[in-house]
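For the record, the sequence lines run as chains A and B.
The first sequence begins at 1 in my numbering and counts up by one.
The second sequence begins at 147 in my numbering and counts up by one.
In short, the hints are calculated from the structure, not lab data.
On a predicted model such as this, the values are computed, not experimentally measured, just so you know.
The reader is advised that the hints may include incorrect statements.
With a cut-off of at most 25 Å between alpha-carbon atoms, the simulated DMTMM-like pairs for lysine to aspartate or glutamate come out as follows [unchecked claim]: (1) B:LYS408 with A:GLU51; (2) B:LYS461 with A:ASP48; (3) B:LYS472 with A:ASP92; (4) A:LYS64 with A:GLU87; (5) B:LYS472 with A:GLU57; (6) B:LYS497 with A:GLU12; (7) A:LYS138 with B:GLU392; (8) B:LYS499 with A:ASP92; (9) A:LYS103 with A:GLU12; (10) B:LYS274 with B:GLU360; (11) A:LYS73 with B:GLU392.
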Amino acid sequence: MADIKGYNMPDELYYHEEHSWARVDGSRVTVGMTDFFQKEAGDIVFVDLPEEEEEVEQGEVCGKIQSRKWIGKLVAPVSGEIVEINEDLEDDTSLINTDPYGKGWILVIEASDLDSELGNLIHGVDAVTEFIEREIQKAEEEKAKA
Amino acid sequence: MLKNMRENWRLFKETTRSLSTAEGLAIDDTLPWSVSNLGSPPILHLYTFVPSVIVGKYQDIEAALKLDRCKARGIEYNRRSTGGGTVIMGPDIVALGFGINVDHPGLKSGVGGVFESLSRVLIGALKKVGIKAAFRPKNDLEVHGKKIAGLSAAAESGKALLFHTSLLVDFDVELMIDIMNTPLIKLQDKGYNCFSQRMTTTRWELGRDLPVTEMMNAIQEAFEEYFGIRFVEDAPAPQEQRKIREFIDTRYTQRDWIFSHKHPRARMGIGQIKTKGGLLEIYLSLSGGSIENVVITGDFFSTTENIQRLENALKWTSARREMIEKNLASVWQDDMIYGVDVPTLTTAILKAKENQVRL
């Protein structure tokens, strides 16, 4: 089940609560932003990325993502060294909107401590459903208050 | 008992002098820092700048401005920490910085929600001085289709948020033409009065000299009413003053910050095609793969409001054909431009994209 209340959230991915996702392939972890994030943020116009070979910690802000006028955070879902950056985003940041889990990937981290860190991320249908429902409910409650 | 007590928020209001860009922007950056690190209640900063021009965090300042003209006219230039485009500031333009916790009750959640809450406040403020404004998704406030304020926000300092806006009390069009590089400037050279068709100020709307302080008071009251709070006039505490100094020294007086190269490529192009409805002429500013600004002109039949609706649907969206078509289609109505349809308009825009040159 990938579709949760209208948001595409693939089962095999691990999610950070700040809406970055992690695809694990051995110790290589591809990172991007979720469908929920791109729908909330709208058209992405610039991605401010770290350099390759930089070290990042799990939960650290390692980049900024600008939609029209809002600047959102890219939070590293795992610790490690950044080994690859998606250069296609330089010419076309809308890939994050149109294909958030495919061509819109942002960077690859060579993870340094996956075994202990994966447990801190949201994973599996039940946990992801609960996460998205919580995010939607938060938005609805705030709307009702206003 | 506590339930009925109004929450106190802090107000930094500067009416006695205009601030330098470094000082004003450094105070604003300190607002979310204070909320997040010192546990301060939300802080509103109302002030004016000295004559200046400020670019968004990820803009190419050298492409956006004619820096030699700024220097010759004594206009300060700087870069803010929030996004968006170039703004002209000065003693007749109210600057607003607002720091608040993103989870604060009463603030609508999500990016769109935050903008909506704050737009409502500003619409309320304009209403108090006799101007009926509306929110133009996603970031502007307009009066009869003309922009009167732009909103920008950045997530900063943990969960606290900095929100920036400027509200035009009066505006010097001649200065803007002299110091900025925008496609509108090219049009102005041809004699189109496109600025007055696209923007307005409180003085132009009211036809009277509205003091900046009156606008500031209206904003203050609108905040109090919308959020059900009371402001306490305050000034930065010693710890906050040290942080302001730090932002001035490490950010707003630093060449590396002001001339940052972290930005998409800025380009501009002009495209013309003949259509059944007449000549279509497109002026396009591109920021990387996105449209920063587009001006649709020519000798076709349409209304200013329709043209602006189309232009606005494309601002800060992808410049790919399918996205242009989709965004135009989202606002398209029959005969918006007589004799022109979405594919034809898209072709004209792509022609301008093909002709792009670096600014």
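Consistency of the hints with the structure:
Of the pairs offered as hints, the one joining B:LYS408 and A:GLU51 holds, with about 12 Å between alpha carbons and a cut-off of 25 Å not exceeded. Annotation: proposed proximity of B:LYS461 to A:ASP48 holds, straight-line Cα distance about 20 Å (limit 25 Å). Between B:LYS472 and A:ASP92, the direct Cα distance comes to roughly 17 Å. Compliance with the 25 Å bound is thereby established for this hinted pair. With a C-alpha separation of about 15 Å, the suggested pairing of A:LYS64 with A:GLU87 holds against the 25 Å cut-off.
Proposed proximity of B:LYS472 and A:GLU57 is contradicted: the alpha carbons are some 39 Å apart, above 25 Å. For the given pair, B:LYS497 sits about 42 Å from A:GLU12 by alpha-carbon distance, which is inconsistent with the 25 Å threshold. With a CA separation close to 36 Å, the supplied pair A:LYS138 and B:GLU392 exceeds the 25 Å bound. Distance check on the hinted pair: B:LYS499 and A:ASP92 sit about 14 Å apart at the alpha-carbon level, within 25 Å; holds.
This hinted pair checks out: A:LYS103 and A:GLU12 have alpha carbons roughly 17 Å apart, not beyond 25 Å. Between B:LYS274 and B:GLU360, the direct Cα distance comes to roughly 10 Å. Compliance with the 25 Å bound is thereby established for this hinted pair. For the suggested pair A:LYS73 and B:GLU392, the alpha carbons sit about 23 Å apart, so the restraint of at most 25 Å is met.
Taken one by one, the earlier hints fail for this structure at numbers 5, 6 and 7, listed in ascending order.
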